Amino acid sequence: MENIKKLILNTVKDAVIEEKQKLTVTVDYTKLHLLAKTLRDNAELPFDTLVFLTGMDRGEELGVNYLLCSSKDLSKEIVLKTGTTDRENPLLYSVTDLFETANYNEREVFALFGIRFINNPDMRKFFLNGDWNGFPFRKDYDANPELNPLNLESKDIIDIAPRIMEIDGKLVESTVNIFEEDDYIINIGPQHPSTHGVMHFRTSLDGEIVKKIDVHSGYIHRGIEKLSETLTYPQILHFTDRLDYLSANINRHGLCMAVEKAAEIEVPERAQYIRTIMDELNRMDSHLLAWACQTNDLGATTAFIYGMREREIILDIFEKTCGGRLIINQNVVGGVMFDIYDDFQKDVKSFIIYMCDKLKEYDRFFSHNVIALGRMIGIGNLSKEDAINYAVTGPAGRGSGWSCDIRKHIPYALYDKVEFNEVIRTEGDSYARYLNRLDEIEQSLHIIEQLIDNIPEGDICAKTKAIIRLPEGEFYSRVEACRGEFGVFIESRGDKFPYRLKFRSPSMALVSAMPLICKNEKISDFIGIGGSMDYVIPDIDR
Amino acid sequence: MILNYSQPLEVTNLTSWLDAALRSSLPEFWVLLIEFVLVGVAFLAAYAVIALILIYAERKITAFFQARFGPNRVGKWGLLQSVADMVKILLKEIVKINRSDRFLFFAAPFFMIVASMATFGAIAFGKGLHAIDFNIGVLYVTAVSSLGIIGVLLAGWSSNNKYSMIGAMRSGAQFVSYELSAGFALMTIVVLAGTMQFSTMIEGQRYCWNLFNGHISSLIAFIIYLISGHAETNRGPFDLPEAESELTAGYHTEYSGLQFGFYYLAEYLNMFIIASIATAVFLGGYMPIQVKGWVAFNGIMEYIPSYIWFFGKTAVLIFLSLWVRWSFPRLRIDQLLNLEWKYLLPINLVNIVLMVILVLSGLTLTDLLPGWF
Chain V
865 MENIKKLILN
875 TVKDAVIEEK
885 QKLTVTVDYT
895 KLHLLAKTLR
905 DNAELPFDTL
915 VFLTGMDRGE
925 ELGVNYLLCS
935 SKDLSKEIVL
945 KTGTTDRENP
955 LLYSVTDLFE
965 TANYNEREVF
975 ALFGIRFINN
985 PDMRKFFLNG
995 DWNGFPFRKD
1005 YDANPELNPL
1015 NLESKDIIDI
1025 APRIMEIDGK
1035 LVESTVNIFE
1045 EDDYIINIGP
1055 QHPSTHGVMH
1065 FRTSLDGEIV
1075 KKIDVHSGYI
1085 HRGIEKLSET
1095 LTYPQILHFT
1105 DRLDYLSANI
1115 NRHGLCMAVE
1125 KAAEIEVPER
1135 AQYIRTIMDE
1145 LNRMDSHLLA
1155 WACQTNDLGA
1165 TTAFIYGMRE
1175 REIILDIFEK
1185 TCGGRLIINQ
1195 NVVGGVMFDI
1205 YDDFQKDVKS
1215 FIIYMCDKLK
1225 EYDRFFSHNV
1235 IALGRMIGIG
1245 NLSKEDAINY
1255 AVTGPAGRGS
1265 GWSCDIRKHI
1275 PYALYDKVEF
1285 NEVIRTEGDS
1295 YARYLNRLDE
1305 IEQSLHIIEQ
1315 LIDNIPEGDI
1325 CAKTKAIIRL
1335 PEGEFYSRVE
1345 ACRGEFGVFI
1355 ESRGDKFPYR
1365 LKFRSPSMAL
1375 VSAMPLICKN
1385 EKISDFIGIG
1395 GSMDYVIPDI
1405 DR
Chain R
123 MILNYSQPLE
133 VTNLTSWLDA
143 ALRSSLPEFW
153 VLLIEFVLVG
163 VAFLAAYAVI
173 ALILIYAERK
183 ITAFFQARFG
193 PNRVGKWGLL
203 QSVADMVKIL
213 LKEIVKINRS
223 DRFLFFAAPF
233 FMIVASMATF
243 GAIAFGKGLH
253 AIDFNIGVLY
263 VTAVSSLGII
273 GVLLAGWSSN
283 NKYSMIGAMR
293 SGAQFVSYEL
303 SAGFALMTIV
313 VLAGTMQFST
323 MIEGQRYCWN
333 LFNGHISSLI
343 AFIIYLISGH
353 AETNRGPFDL
363 PEAESELTAG
373 YHTEYSGLQF
383 GFYYLAEYLN
393 MFIIASIATA
403 VFLGGYMPIQ
413 VKGWVAFNGI
423 MEYIPSYIWF
433 FGKTAVLIFL
443 SLWVRWSFPR
453 LRIDQLLNLE
463 WKYLLPINLV
473 NIVLMVILVL
483 SGLTLTDLLP
493 GWF
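Each protein sequence line maps, in turn, to chains V and R. Letter 288 of the first sequence, counting from 1, is numbered 1152 in our numbering, and no numbers are missing. Letter 253 of the second sequence, counting from 1, is numbered 375 in our numbering, and no numbers are missing.
Quick caveat, the hints were computed from the structure, so don't treat them as lab data. Just so you know, these numbers come straight off a predicted model, no measurement behind them. All C-beta atoms, glycine included, are put in the ideal place defined by N, C-alpha and C. Mixed in with the good hints there might be a few duds.
Stated by the list, open to error - Think about it this way: if two alpha-carbon atoms lie no more than 25 Å apart in a straight line, the pair counts; the simulated PhoX-like pairs of lysine-lysine are: (1) R:284 <-> V:1383; (2) V:1034 <-> V:1076; (3) V:1075 <-> R:182; (4) V:940 <-> V:1003.
What the hints assert, rightly or not - In silico negatives: residues of chain V with every beta carbon more than 10 Å from chain R: (5) 1004; (6) 1058; (7) 1069; (8) 1173; (9) 1317; (10) 1386.
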């Protein structure tokens, strides 16, 4: 990393480098693009993955934090900070040309903080309507309901995007049409059986072929990050379950880890075991549902029910452990809330045997079906470069040949003590993603097998203070959720509330890649690809 | 005479008694009028009842495939569930769609139901249970059943809904393609049987079903007919026009209440019609299993009423269709058309020629082994 520091100072002389939890570099906004480009293109350790793009209201200044990491080694991280003091018309430079995943994130920052990004090709507000008054995540936002009254009339969607481009050193504001004049546009969503939630794809068609997709999101945006700024850390835990509800336990694990790291709380060994086992059960639960939904999207209803049948057993184990089925409230700061019940080991072991058998059944029933193969092989190709560029992680990213498993790269809980394979396929099509999930179920079973008999006795939760205050600073944590990398960023000012909390949602990256990989595919494959990407909408609409 | 005593359960006895009773007291014109009305009413009733039974059967069988219970609340074993559903559908409001083509929108379901009803009339349910018995029965069935597509296309067009439109266009492409295959497969058997009249064709299969008579060629035709018939009913892996995970409900998205009921009914009845035509053409229709020379065995088989044979054979084919439907994922439109135009159609054309050769050179089973079949 010393070389990287030198490289940074060579590129931008007045960059301020600090050693915090991560290496943090503060630069002037005019230099950020140059620095990011240099870091991305350096041959020794390319920082080519944009993990977080966090809008910040730092009081005087509005700014953005970027967390970059290397696609070769996810544990090599660097934080770039920039900002502008112009609160009336804040302008920063876009990094969309370097990292495609920045596109939607910058639009999100525009909607929530009002920062516009120069050279971003599409500067519409993400999540919010274009006519929303004020910028909700700014600290001085006026939440008076009269400013943004509830509107009961339907508004026409205007497919015109404003943008601000730098041409020959001058800033030019212009607009661009999203669709061509005579496009046959259908709305897939917000209410549609196969968007897996309240997602809205405006799709222009040429016969059956998808020409272009325009993603509209935010129908269930709840402003969880803003809400969190007035809640204590144990209260915020409940929100993580409502992000990606299918990997509720893992999300919660992520936030707990961030708080524990910051407050320096030691988690007891027994709690770590329970957490890891529950995480893996949760992963299987989610992958089973993903498998089931994908087959359903391809029109095989029976396979769908089979997936749900197996999932039911995991949910029963969850229910017996902590009373919840989908959202299980198991992790708390310092450990877990409920100890495992007496027959837990027995139930889990019998499930492992049962599930191994069922995986073979899935294989026989669906994985080699001629029609299914025709609907998946070679469909929705996502190359490794694109996966990195769009920061598509999880089974989808690994289906494109990118080793991006946080459990391997930045081990947490007990993942450095157990032996498992990171499932990687290089085809990058729907079928690779499909098989990856089934194989990951097998790996999860393998992980649980190693842990289930060795759970040590002891406390399940560390003693914590009644009110948890985090020291001043910036804290990141990254975990491998079911759909990819889930990240938590907390900026604390020494209070019992976070100053700024940001969740990195894996689904947002998955959806941002959809327009790319669905282009020129048939409309029925668009649905099938959506199933193979397996995004969950509340995770995007935080 | 002996046959009459040996078949006490045949409906023919009832119908001929009724005919005789009417003729003894009324002039010819009134007899015919009353009989026509009775036949019409009987068909309408049968149409609804068969659909209800099929819906119940499908739900139960599917539940069995999918490790579920299926309907089990309304009535014993959920037997009254489809009746309850029918009552619900009759009571539902017919929604008027803004900016739709009102006339075509209302007319579309009737095309669908009339086409399937007209085909239904040509089915031989049993000995004497046969309303229309043309000498060109096969041609009539092929022609009339393809009218249903007009209903689908009109529904898609008049709904003023883009999903419906895509569904209807898919349906159009699918119908036109698979109608060809189904027609050719039937023609293959017409070559074998030497007739287009259903009753003659069934009578000709007394000792040897057409499926076995033309061995290789018949088997190919049978498989092709099942595939394309399945495709024509818009079910199973061929349900692209409705494709609920893509197009919500395809061409009938905007329909509600009774109009939706018409489509629903027609879909199930079309499945039945396809199966019953396959039964008549390939599996000997209402003919019991008969073996040349085994008089006692034949007598026992004859004792089972012909309509039981018909419904039994049809049920087997319907079960097959359900099995396929609930096992396979959906095809994509280009795969669907590939299957038809690149595989089924060429195979079919060759198959007809093969069948002609078989028949002309006396290689059918009845020619080869006249003592057995």
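Hints and how they fare:
no., hint, result
1, R:284 <-> V:1383, "holds (20 Å)"
2, V:1034 <-> V:1076, "violated (30 Å)"
3, V:1075 <-> R:182, "violated (42 Å)"
4, V:940 <-> V:1003, "violated (32 Å)"
5, 1004, "holds (44 Å)"
6, 1058, "violated (5 Å)"
7, 1069, "violated (8 Å)"
8, 1173, "violated (6 Å)"
9, 1317, "holds (31 Å)"
10, 1386, "violated (6 Å)"
When the structure is compared with the earlier hints, violations turn up for hints 2, 3, 4, 6, 7, 8 and 10 and for no others.
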